[in-house]
Amino acid sequence: MTIIVVVAIILLVITGSQLLKIAELRAKSKGELIYEVTEKEGKNLGLMLFAGFFVFMGFFAWQMWKWYGLRLPVSASVHGESIDFLSDLTYFIITPVFILTHAILLWFCYKYAYSSKRKAVFFSHSNKLELIWTTVPSIALTVLILIGLNTWNNTMAPVPEETEHVLLEVTSQQFTWTARYAGEDKKLGRSHVTLIEGVNATGIDKEDENSNDDKLVKGEFHLPVGVPVQFVFRSLDVIHSAYMPHFRAQMNCVPGLKTQFNFVPKITTKEMKKITDNEDFEYILLCNKICGAAHYNMQMNIIVESQEDYDKWLAEQKTFGE
Amino acid sequence: MSAHHHKEDFLFKYVFSTDHKMISKQFLVTGFLMGFLGLVMSTLFRLQLGWPGESFEVIDMFMGSWAEDGVMSPDKYLALVTMHGTIMVFFLLTAGLSGTFSNLLIPLQIGARDMASGFLNMLSYWFFFLSSVIMLISLFVEGGAASAGWTIYPPLSALPQAIPGSGAGMTLWLVAMAIFIVSSLLGSLNYIVTIFNLRTVGMTMTRMPLTIWAFLFTAIIGVLSFPVLLSCALLLIFDRSFGTSFYLSDIYIGGQVLEHSGGSPILFEHLFWFLGHPEVYIVLLPALGITSEIISTMTRKPIFGYRAMIGSMMAIGFLSFIVWGHHMFLTGMNPFLGSVFTFTTLLIAIPSAVKVFNYLTTLWKGNIRFTPATLFSIGLVSTFITGGVTGLVLGDSALDINVHDTYFVVGHFHIVMGLSAIFGMFAGVYHWFPKLFGRMMNNKLGNVHFWLTIICAYGVFFPMHFLGFAGVPRRYYTNSEFPMFDNMIDINEFISMFAILAFFAQLIFFFNFVYSAFRGPRAPQNPWKGNTLEWTAPVEHFHGNWYGEIPHVYRWPYDYSKVDANGDYVSGEDYIPQTVPLGDNEKDGGH
Chain A
1 MTIIVVVAII LLVITGSQLL KIAELRAKSK GELIYEVTEK EGKNLGLMLF AGFFVFMGFF
61 AWQMWKWYGL RLPVSASVHG ESIDFLSDLT YFIITPVFIL THAILLWFCY KYAYSSKRKA
121 VFFSHSNKLE LIWTTVPSIA LTVLILIGLN TWNNTMAPVP EETEHVLLEV TSQQFTWTAR
181 YAGEDKKLGR SHVTLIEGVN ATGIDKEDEN SNDDKLVKGE FHLPVGVPVQ FVFRSLDVIH
241 SAYMPHFRAQ MNCVPGLKTQ FNFVPKITTK EMKKITDNED FEYILLCNKI CGAAHYNMQM
301 NIIVESQEDY DKWLAEQKTF GE
Chain B
1 MSAHHHKEDF LFKYVFSTDH KMISKQFLVT GFLMGFLGLV MSTLFRLQLG WPGESFEVID
61 MFMGSWAEDG VMSPDKYLAL VTMHGTIMVF FLLTAGLSGT FSNLLIPLQI GARDMASGFL
121 NMLSYWFFFL SSVIMLISLF VEGGAASAGW TIYPPLSALP QAIPGSGAGM TLWLVAMAIF
181 IVSSLLGSLN YIVTIFNLRT VGMTMTRMPL TIWAFLFTAI IGVLSFPVLL SCALLLIFDR
241 SFGTSFYLSD IYIGGQVLEH SGGSPILFEH LFWFLGHPEV YIVLLPALGI TSEIISTMTR
301 KPIFGYRAMI GSMMAIGFLS FIVWGHHMFL TGMNPFLGSV FTFTTLLIAI PSAVKVFNYL
361 TTLWKGNIRF TPATLFSIGL VSTFITGGVT GLVLGDSALD INVHDTYFVV GHFHIVMGLS
421 AIFGMFAGVY HWFPKLFGRM MNNKLGNVHF WLTIICAYGV FFPMHFLGFA GVPRRYYTNS
481 EFPMFDNMID INEFISMFAI LAFFAQLIFF FNFVYSAFRG PRAPQNPWKG NTLEWTAPVE
541 HFHGNWYGEI PHVYRWPYDY SKVDANGDYV SGEDYIPQTV PLGDNEKDGG H
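First to last, the protein sequences are chains A and B.
1 is the number of the first residue of the first sequence in my numbering; add one for each residue after it.
1 is the number of the first residue of the second sequence in my numbering; add one for each residue after it.
Some hints here could point you the wrong way.
In silico DMTMM-like links for lysine to aspartate or glutamate, alpha-carbon gap of 20 Å or less [as the list claims (entries may be wrong)]:
1) B:Lys444 / A:Glu32
2) B:Lys365 / A:Glu41
3) A:Lys119 / B:Glu573
4) A:Lys218 / B:Glu481
5) A:Lys119 / B:Asp574
6) A:Lys117 / B:Asp568
7) B:Lys529 / A:Glu36
8) A:Lys119 / B:Asp568
9) B:Lys365 / A:Glu39
10) B:Lys444 / A:Glu41
11) A:Lys117 / B:Glu573
12) A:Lys318 / A:Asp208
13) B:Lys444 / A:Glu36
14) A:Lys186 / A:Glu162
15) A:Lys312 / A:Asp213
Bear in mind the hints are in silico, worked out from the structure with no lab data behind them.
The structure presented is a predicted model; accordingly, all values stated were derived computationally and were not measured.
Extracted from the complex, chain A is given alone in its bound form (with noise of 0.2 Å):
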């Protein structure tokens, strides 16, 4: 096999460098130079490149019909929103001058392909021209900054103490997660790697007064729908990246440092259910940063339910003190 393929490259190599050899003698016998395009190959190129407009074009309405559906579906989460409404608004300024740009670099390929009959204009400069194209790009700009930092802001502010919210602590480890809900004193009790030992697989103090009442649970964490969620990120190892792309989430979980993000989930699961029209949907977090061999199954489930069924499920969940 091994030499078939070996021989099969020689004698193409081969008769690669016949062939070119051919056409430069041809080329000679004509009096051509090989190497300099001739007009009606230099037209053709630029025809092909005008082409080329259509058929990319073609290939991104291609995309847009058969990929474009795969896209995740309207955010969970509230903030989410004003994250697809701004995201929505980017696509409106960038694909018209992904479209139009093309159209002009790829029109004048054609328009302005060499002719022997035509003398190309000296046009070197021109202030007025270069600063229309300073100054639009930059109140597009501005406009999409002061939009962005605002929506930024909004999303990144924490969930203020006395707000009715759940505070919940995710921690990673190479290649699981853990969820601790506060519990009822609403405080997540002191935790630290050098206090993992045996069944306290993440390390939380026992001293601590506000650990007993904490709940620990593993595979999914479920959340009141409507009801701001704190969370707090931890990591036991290397950095992993708590990824919850239905709720526009994220947020890296960093050795040595507590990082946080906040959301309100608006759509339950069976909810979501429905309007993605698919049974088996659930919620999921997953890993988003590089963390070693399995970092591509790295989950836990979501589930977004009404405040009854939440306060039913966690009533089940056994404390961190039994």
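With the hints as your guide, set chain B onto chain A.
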């Protein structure tokens, strides 16, 4: 400065040469060999991504015990991804691109006989060579090559317990990169000194071709940012080997608590991206310089907005130093800092837009000759636009939350940085091949190479945006563990098929390259009718570049199709080399 005279035996002519032209070729060939390996690696892991878990004989052949029964293991998949990134970014697009064209063109286009220091230049290449060799050796050590991604974030990269590639493979990676940085610094300092001091008579700064401006900014950015990566790597070496805790703290792994305490991986990320982001422009600016030159020559028109082009490169270079935080919006960095980095990042769109519009205006009413170099330059403008616009999505911290580290990012940076830079490099090779090897490359094969490459390039990277819209993370060995990604397999297969085709398309280029270097038709001195000084040098290579005196310069390099009051070409032809004195009443610099 007079030419060096030493006995030109084989060893000194081809191996330890101090001639910038030979060093340029050494960088080119080494860069392409490394790039070819990077290409093979990407093709292999595309097989896994397109058809996860299927057995391939070719994977078995290349990876041996790393791939039982022709299926690569998850950690070796990550090793391939890591090495692909490292090789492509640093070895092909930094050393291969800058090393080749800065070395070839700086002395030739400014009218110098060689670099300021030929010896340092030679050292620069040999450090690069050594670095390449060590990087390749790291593929074969126990535990395999580095596997923490090309960004090597600790603690993953610091702890062999975390992934096997963080053992000897990572040590060699760091050593190779430290040597690489030395090579890059020696090269960059040389370029800067040469450009400032060795310009020929009449070659004022504003008469320099845009290529030289691009190489100058690239070198300055490199000198300012690579040392930071060196310190970043050194601290990591300390943490790994000598028990310090610059980046490590509070870690429990493999059933025990490590003694490291007080450090932070965020510090590493800051140091890394302080180089990492300027690195994007170290890769991109030379390509932009090359295409500026080629587009002007091939449209037979002056580049539009010469000063604006310089200004925009300067602005991009400056801004590149204050945007690194956009790689770190979600690391737990203070959200206010995130706002600042969003602002500076989006500003880069302005000089970038200026560049694109200036390219378009240069084409307008030109008389375009479509050589393969022109085609790749047009390709660069296209990829620069396509990849550039999605930068507005990623640079915006609020939008980054949901596309960060997804395939959207992979699509974005491969198009805007990877493709643009490699297209610029291909364009440069096709255009300056006659200067490099004294022979011409074959146009027809060049055309085929261009069309296949651009079709495959968009076929591979455009669909990745749609994977990103669906939330598919990058660096996943397979998406099959998540039911929500089940219907993505079509896209992945589609991408992989184009990736394989792209691989074969590059073989056409390599064949053309090798064949033409030895047997292509002999090049005339100025095949493209260019204005710049390199075309006034004789075709044959010798140390010193010009017989007799070095050329003097009287005008800027873009006097193409300049006409007098009667509408006739000033010089009788559609170009006026820089060595031609200005006529009466003729103004310089495009006025």
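Do the hints match the structure? See the list:
1. Straight-line distance between C-alpha atoms of Lys444 of chain B and Glu32 of chain A comes to about 14 Å, which keeps the hinted pair within the 20 Å bound.
2. Restraint check for Lys365 of chain B and Glu41 of chain A: satisfied, since their Cα atoms lie roughly 19 Å apart, inside the 20 Å limit.
3. Under the criterion of a C-alpha separation no larger than 20 Å, the hint pairing Lys119 of chain A with Glu573 of chain B is consistent with the structure, at around 11 Å.
4. About 18 Å separates the Cα atoms of Lys218 of chain A and Glu481 of chain B, which keeps this hinted pair within 20 Å; it holds.
5. Distance restraint check for Lys119 of chain A and Asp574 of chain B: the Cα-Cα separation of roughly 8 Å lies within the 20 Å cut-off, and the hinted pair is therefore satisfied.
6. A C-alpha spacing of about 13 Å is found between Lys117 of chain A and Asp568 of chain B, which places the hinted pair at or below 20 Å, so the restraint holds.
7. Simply put, Lys529 of chain B and Glu36 of chain A have alpha-carbon atoms about 11 Å apart, close enough for the 20 Å limit, and the pair holds.
8. For the hint linking Lys119 of chain A to Asp568 of chain B, the alpha-carbon distance of about 9 Å falls within 20 Å, and the restraint holds.
9. In summary, the hint linking Lys365 of chain B to Glu39 of chain A is supported, as the alpha carbons are separated by about 16 Å, within the 20 Å threshold.
10. For the hint pairing Lys444 of chain B with Glu41 of chain A, the CA-to-CA distance comes to about 10 Å; that is within 20 Å, so the pair holds.
11. Using a Cα cut-off of 20 Å, the hinted pair Lys117 of chain A and Glu573 of chain B holds, with the two alpha carbons roughly 14 Å apart.
12. About 18 Å separates the Cα atoms of Lys318 of chain A and Asp208 of chain A, which keeps this hinted pair within 20 Å; it holds.
13. With a CA separation close to 11 Å, the supplied pair Lys444 of chain B and Glu36 of chain A stays within the 20 Å bound.
14. About 11 Å separates the Cα atoms of Lys186 of chain A and Glu162 of chain A, which keeps this hinted pair within 20 Å; it holds.
15. Between Lys312 of chain A and Asp213 of chain A, the direct Cα distance comes to roughly 16 Å. Compliance with the 20 Å bound is thereby established for this hinted pair.
Of the numbered hints stated above, none is contradicted by the structure.
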